[in-house]
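J.: Take a look at the letters that make up each chain.
Protein chains: 2
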Amino acid sequence: MAKKYTTKHEVAYYECDINQTMTFPSMLGVAVKTSEEQSDKLGRGSDFVASFGLTWVITNYQMTITRLPKVGEIVDVTTQALEYNKYFCYRNFWFHDQDGNELVLIESVFVLMDLENRKMSSVVEEIITPYESEKIKKIKRAPKIEKIAQGEVVPYRVRFYDIDSNQHVNNAIYFNWMIDVLGYEFLTTHEPIDVNIRFDKEVEYGSMIDSHYEILELETHVETRHEIKIGDLLCCEAAIQWKKK
Amino acid sequence: MAKKYTTKHEVAYYECDINQTMTFPSMLGVAVKTSEEQSDKLGRGSDFVASFGLTWVITNYQMTITRLPKVGEIVDVTTQALEYNKYFCYRNFWFHDQDGNELVLIESVFVLMDLENRKMSSVVEEIITPYESEKIKKIKRAPKIEKIAQGEVVPYRVRFYDIDSNQHVNNAIYFNWMIDVLGYEFLTTHEPIDVNIRFDKEVEYGSMIDSHYEILELETHVETRHEIKIGDLLCCEAAIQWKKK
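Chains A and B are the protein sequences, given in the same order.
Numbering-wise (my numbering), the first sequence opens with residue 1 and increments by one.
Numbering-wise (my numbering), the second sequence opens with residue 1001 and increments by one.
Incorrect hints may appear among the rest.
Stated by the list, open to error - Label-pair distances were calculated between CB atoms; the ranges are:
| id | chain 1 | residue 1 | chain 2 | residue 2 | range |
| --- | --- | --- | --- | --- | --- |
| 1 | B | THR1007 | A | MET208 | 53 to 59 Å |
| 2 | A | LEU216 | B | LYS1004 | 51 to 57 Å |
| 3 | A | LEU105 | B | ARG1157 | 29 to 35 Å |
| 4 | A | GLY206 | B | GLU1134 | 48 to 54 Å |
| 5 | A | THR6 | B | LYS1070 | 24 to 30 Å |
| 6 | B | PRO1130 | A | LYS119 | 55 to 61 Å |
| 7 | B | THR1188 | A | LYS138 | 17 to 23 Å |
| 8 | A | LEU105 | B | GLN1150 | 28 to 34 Å |
| 9 | A | ALA50 | B | ASP1047 | 45 to 51 Å |
Don't read these hints as lab results, they were simulated from the structure.
Computed from a predicted structure; not experimentally measured.
Heads up, the beta-carbon is just placed ideally off N, CA and C, and yes, glycines get one too.
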C-alpha cells in the first residue's frame, strides 16, 4: 500500500473567487505543494530528481468535486502515489473537510521528463521506490475529451507571472484562460462537478494563446469543452461538467 | 502601544515567479490575511465591520524591501495598526526571516468605506478600539508619485479571477498589470527595493485597462513609473525603485 501524506490547509481569501470558493489554480497549487512536501520528506525532492537530468511533469488531471472548499475553511489535503508502469505514475489527491467528508478527488498522471531535450523518460526505480507505489502493467486511459464542434474563441497573452521556474506556463494557469471565457453570469450560477484535462504541449513565455470553448446544455447538467491552442497547435484540452446552483 | 500580531508562513512555489522569490500579489495577499486574522481574534472581522454598513479599503502601500522572501523559506509575518486620525488608519506589516532579519516592511493606509454608496466614512471608534492604535491629529502623506513623462502602454482586460467578493479588482492584481509590462529581460535582471503605490479608483469586472509605464535609468538605480487608467481616468499610480542584480 503506497504511503499517504496529509497536510492541513486554511483556505485564504486570495485563493477564492467571487463565489467564496477555491479557484482551480489554487486547488492545484496546494495539491502539488503537498506532493512536493511528501517528496522532500522521502528524500526525493526536485534536486534529487534533477540529479538524473529529469523533472516531473503532470499530463492529466481528473477532478471529482463534491463541494468546493470555502474561504476560511480548514481542509486536509492528502496525496498518495498509488501505482506506476513503465512510463506513467498515477497519483491521487484528496481534499477533506474537518468531519472527514471528501470534498474533492484529483486523479493525476505524472511523467518524468528529460531536462535537456524535454522528452519523456521511462520511470527510474531509484526515484520512486520510497513512495511504495504498486507496479502495474496496465496503462490507464483517462476518459476521452470530445472535440469542440461549434465554439467561440478569446485570445490571451502569456504574462510574466504565468510562467514558473522552468520558463513554461504552470499547468494551473491554463484554468485561468479556460474559466475566464465562460463569463461572470455563467460562473456565478454554475458549480463544477467534474473536470477532465489533458496537457499536450508546453506553452512558453511571450506566446499568444487562443482559448476555444463550447457550452453544451445536456439533459442532466451542462458541459463545457475547452481547447487551448497556439494557432493550429493544440496545447491543452478539457471537459468540465457543471450543475446549476 | 498598538497590539502586534504575528503568523508564520511558508513560501509556496506558486507564490513565486521565475526568480524563485515571492510576487507582489502573493506578499500582499499573505499580509492582508494576517490583518484579517488579527481582526477576527479581536472580534472585529468583516461581519462586525459590515454591521455598520462599512468595509475596509486600502488606499496606499509603501514597501521597503531588503530581500524578497524565497521559495520554501519560512517567514514571520507581523502586523500592527499603529495610528489613526479622523479618516485614515495607518497599519504596518513586516516580513522577517527566521533569524529575525527584516525582509520587507509594508506601510499601508486603510479607510472605512460605506458599502452602499462606496464613499469614505470617518473612523468608527467601536471598530478600532481593540487594536489599541494611537490617535493622532496629523494626516501622513505618502511620498509624491511623479507622473509619467514619456511612456508606453499595454492594454489588459479584467479577468474573472481578478475580482474579489465585492466585485471589484483586488488591490494586489494591479501589480500583475504593472509588473508584466516590464518584460522578461528587465524582471530577471532587476530586484525591487522600494514601492510606492496609490489606489485612486476601483476597477470593475469587464473593464479594459491601460497599463502605462516609463523606465528611468537614474545614477544610483532604476525607477519605473506606472499608471493604470481606464481611458483618461487614473485608477492607480505607482513608482518602483529597482537595483541591478
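J.: Please write out, lowest number first, the hints stated earlier that are contradicted by the structure.
T.: Failing hints, ascending: 1, 7 and 8.
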